[in-house]
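For this one, chain V is given, so just place chains Z, B and U on it according to the hints.
Protein chains in written order, with our numbering: chain V, 150 to 483; chain Z, 150 to 483; chain B, 150 to 483; chain U, 150 to 483.
Hint data in this document are derived by calculation from the structure and do not stem from the laboratory. The hints are all genuine.
A pair holds if it fits inside one copy or across any two, identical chains being indistinguishable in the list.
Heads up, simulated SDA-like pairs for lysine to any residue below, C-alpha to C-alpha not over 25 Å straight-line:
id, residue 1, residue 2
1, K312, K372
2, K368, Y394
3, K335, A353
4, K445, E365
4 protein chains.
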Amino acid sequence: MKVSVIGATGYTGYELVKILANHPEFEIAALVSETYADKMFSDVYPRLRSICDVVITGRDYDAVAEISDAVFLCLPHAAAQDAAAFFYEKGLKVVDFSADFRLKDKKLYEATYKVDHTYPDLLRKAVYGLPEIFEVDIKKAELVANPGCYPTSVITPLYPLLKAGLISPEGIIADSKSGVTGAGRKADIAYSFCECNEDFRPYAIFSHRHNPEINEVLKETGKETNVLFTPHLIPASKGIESTIYTKTTAGLAEISACLKDFYRERRCVRIYDNGHIPSTADVTDTNFIDIGLFVKGERLIIVSCIDNLIKGSSGMAVQNMNLMCGFDDTLGIL
Amino acid sequence: MKVSVIGATGYTGYELVKILANHPEFEIAALVSETYADKMFSDVYPRLRSICDVVITGRDYDAVAEISDAVFLCLPHAAAQDAAAFFYEKGLKVVDFSADFRLKDKKLYEATYKVDHTYPDLLRKAVYGLPEIFEVDIKKAELVANPGCYPTSVITPLYPLLKAGLISPEGIIADSKSGVTGAGRKADIAYSFCECNEDFRPYAIFSHRHNPEINEVLKETGKETNVLFTPHLIPASKGIESTIYTKTTAGLAEISACLKDFYRERRCVRIYDNGHIPSTADVTDTNFIDIGLFVKGERLIIVSCIDNLIKGSSGMAVQNMNLMCGFDDTLGIL
Amino acid sequence: MKVSVIGATGYTGYELVKILANHPEFEIAALVSETYADKMFSDVYPRLRSICDVVITGRDYDAVAEISDAVFLCLPHAAAQDAAAFFYEKGLKVVDFSADFRLKDKKLYEATYKVDHTYPDLLRKAVYGLPEIFEVDIKKAELVANPGCYPTSVITPLYPLLKAGLISPEGIIADSKSGVTGAGRKADIAYSFCECNEDFRPYAIFSHRHNPEINEVLKETGKETNVLFTPHLIPASKGIESTIYTKTTAGLAEISACLKDFYRERRCVRIYDNGHIPSTADVTDTNFIDIGLFVKGERLIIVSCIDNLIKGSSGMAVQNMNLMCGFDDTLGIL
Amino acid sequence: MKVSVIGATGYTGYELVKILANHPEFEIAALVSETYADKMFSDVYPRLRSICDVVITGRDYDAVAEISDAVFLCLPHAAAQDAAAFFYEKGLKVVDFSADFRLKDKKLYEATYKVDHTYPDLLRKAVYGLPEIFEVDIKKAELVANPGCYPTSVITPLYPLLKAGLISPEGIIADSKSGVTGAGRKADIAYSFCECNEDFRPYAIFSHRHNPEINEVLKETGKETNVLFTPHLIPASKGIESTIYTKTTAGLAEISACLKDFYRERRCVRIYDNGHIPSTADVTDTNFIDIGLFVKGERLIIVSCIDNLIKGSSGMAVQNMNLMCGFDDTLGIL
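The shape of chain V in the complex, shown without the other chains (with noise of 0.2 Å):
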């Protein structure tokens, strides 16, 4: 399968650059970027030197198309959509990493990212790239919705327990924090090393986007959720930990043996209930999401952590390009 690469040289497109030079079954068709073009990969990451010489080129999606099987577009948000629709159009299998069709309403979307949205018969079309969640789905798509970071961390724990009706849909909180790789990889005084580091913040709160994505995939289960989420910046490079509160009445081993049956054949996912608190080192550089459970009356915490660049984002792209070509979802990422 040959693959390309819009909007190349990004953090997640670094790390899914990586993932795709080791990759058994895809070979790079392009990395496009437009401030890079002409210039080799490994001249903005050198550590990739020797590893992706691959020469980057400008926007020229006809090429690209001509050249490619499948895309993944790491673009903004908004300016995904004609890339989204441009490649679909063309009969390849696209990934798109922004949030442009991953809220099915197309309201809700335009509400929450301020932009309209042209192409409303794609997006339901599109399927939601949680790959633990909707693999059925996902191995019949054209198009792919790679989930946000924090959703990912958030909806994967929750899914499961709601749908079993083992916790109260009312009054979910999840705290989360990101390393500072969450915010891209750009010229901006908030993000710059004196800022960020021996700092701590919330920020972002009650209007972070990725909280209607939350309530809006969770509405899948079934039951209404209104999960108040809260991002805070973690001085540190890369991952996510959510600390999910919620209320129950099962017990700690009910619970568990809900998720770990949920996805007994999932790879990714390690399930802790032995008292193991996860922590964002356990995943770092991984695709793995783990998730610890404590119980105490009626109070589940939710202890959930993930590579916000890797099983929040490209790794988890790459599941999802996995399943649309008929490949184990895992294949060069464990």
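Quick look at chains Z, B and U alone, frame taken from chain V:
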């Protein structure tokens, strides 16, 4: 005033000595440490060379009592009981950094710290040293129990709101995060650089000993709370951030007014209702507690930040001692 | 004394304002910044809320001159020339943080900074502001060029030894390392958290503009040096450490005596000949320069540490202004 | 090939197990640790849960010898002597991570490490395992002494240049910096998070035990060097950067050609003569050594970067074992 520090070479001792070395009214009489006796304090902390070259002395409490008007006890929990009783009996003013005199309820103390309390009388006389709340009692006290760092960050914003009935005592969640100095200065793989760096994790889920302290002190508002407190470890040296989830029927203006009014003469409390989100860097190396208020519907999120070693420990201890000695609480601190 | 800061919102300006806010003799007249005009200083740096809520003003130098006795110029190289000349002409005392008046040799300045110097007369009148070495001249100066951070760490230990003929002027190597604040406060991917964290690298090999400054100032010892200076970037916010390799025929005792004698009345210089190895943490947030001496055979290794923003910049600037105003150099600093 | 790791739970053991778990030809026979016997390896390092759940065994070398074709010894200096001799006698291939077989000169070993060497015959048979330089001997060896991390970064660029006579053996200075994993995984206040974070310092000035190793190995070039080596501690987990100061009469082109020619078939050596300055992040989690060359007049500055635990230790160990077993040296590594 001649003051001494027992257990001077931990991180709280160090921050305390830094403050005392520049305090206009306190003069260091003795710095006590069994481990480092006969060394200069600046041999242990070279940063203070020529600022505090006092020679550390071993554990001769009689000698200390003879030359001191007041003592700060920076000793581990349980170990402080005898020392506090000893210096109290000798007529010295005592600020105790440990948990030994924080919990009025002897049984709760013993259940929480798994040791007996052998000075129940003294326990009754001790005053909980949150100077912004209990100033009147502290001024008259001879023994002050310096609050825990996490409880300081949680109680300070909640106390006035509970007392005024503006928030529900039910279902409060405090998701707190602390820098690594909170674990003290010790040889422990768990707090080694390579284990903490690029990591983030919760710990002591449902079991941290500051949780009973929070609810016990909040009882003084006349409301029975059941705050659920979860601590996390930030890969940074300093700082505590608590994201506190509460329910309210009041609006932002009323909540803000309540806090501003309660703390209107307290120079160390800074309250934000303008959307500014406090961060640990805002308070590093200061004695401020910064409180941000965010309301949406019935949800009030409070963001509370302190320097765990200053406002959360040594700075507050000096505030307390200032009050016990008749000075302005912020003397030598701001 | 009414003092103003031009370019107050960078990191050196911030540290300067922190010092000035507590200085017993200096009162802030104006804080100038084009970018942040009309905001409070504590809007830009919330850590200083209630400590310095001065409203920042835009670039009206006439107004500043009218209300100020002295100014600190925290402007980029080249931009400082006109401002320095302006305030000098108006009769204000000027401490200039830039390189514009450091190099006495106009040609060398122009070759190094690639701009013309349009005030050669003023260049001659300016004094190089290393207060531990040039105190006599600084006291009489109206315009002081505040030294570069790296040169401060390198010149301070070398100057007395070269002057006394105890080390060879040949083949000196200064391998220096700096925290990221040395790059200033700016939006630049190269200084973003994720690019600096977990990285360490040299930069500007053979080409850093502080290299000519080092050799130029050391000429004042009567010796011609050709110090080879290589800077590196530490993944930390603050601190400079210089490991300086020299040749000597003297022993440790003689070398140490020379430095201790030269700096015997200088409270900010701390010299170690007992094996203690200075580190950047020893001097963080202080105005000290710590110097460690290590001799083996003909090799003398000097370890020199400063806080790049304090002793390497703003603290030293206040030392200079103190001297220019007839105060003790350490007033308001130690 | 069945391979075992003795001392598997330190940081080098961990990185080694990570490589072995994915190696196409090596199968883990036993992981030995006295401290963690009977636990799963993934209990100690949860990151490897489901990747390496091997149960750790205690110190029964006979049992290990029976089931293994080869062993990696990750033991402290001195402790490795007996183990190496034991497994060597049993006919296993041995790669020893300690310094016990690195120095051919028994007296120099004993003077440097302050212990006797009780296997002088074995010392003569052992081969110094820098695979890029001593491949021919390593292929025939039964016992390979895995080089020190610092020496790897210093010797690799210097060896070909000294051999070719392009640099002077006199007056070479290696100013090296390492991340904290270089100190190993241990409970030690000096390496605690709060002591290392926001600090930078040299250590072991004139006295590091890797200094004799550097000069001893460089003797093989036929030149007698007296490299002066100074290590420093970076506030980062991983990486070594060495800034090496040498004198040359050759130009950049000749120097670069010499190195590129010497290492033309060595896939792990990446050489830059185009101005790119290698950094530790360029090589993190890889087995590459990146070398940058900078010439001005008679000065050649070499910048050399490795991941101290991979190319500086465990990756190189697998390279060596690969060669000893007749495989390509990079099998399972790149």
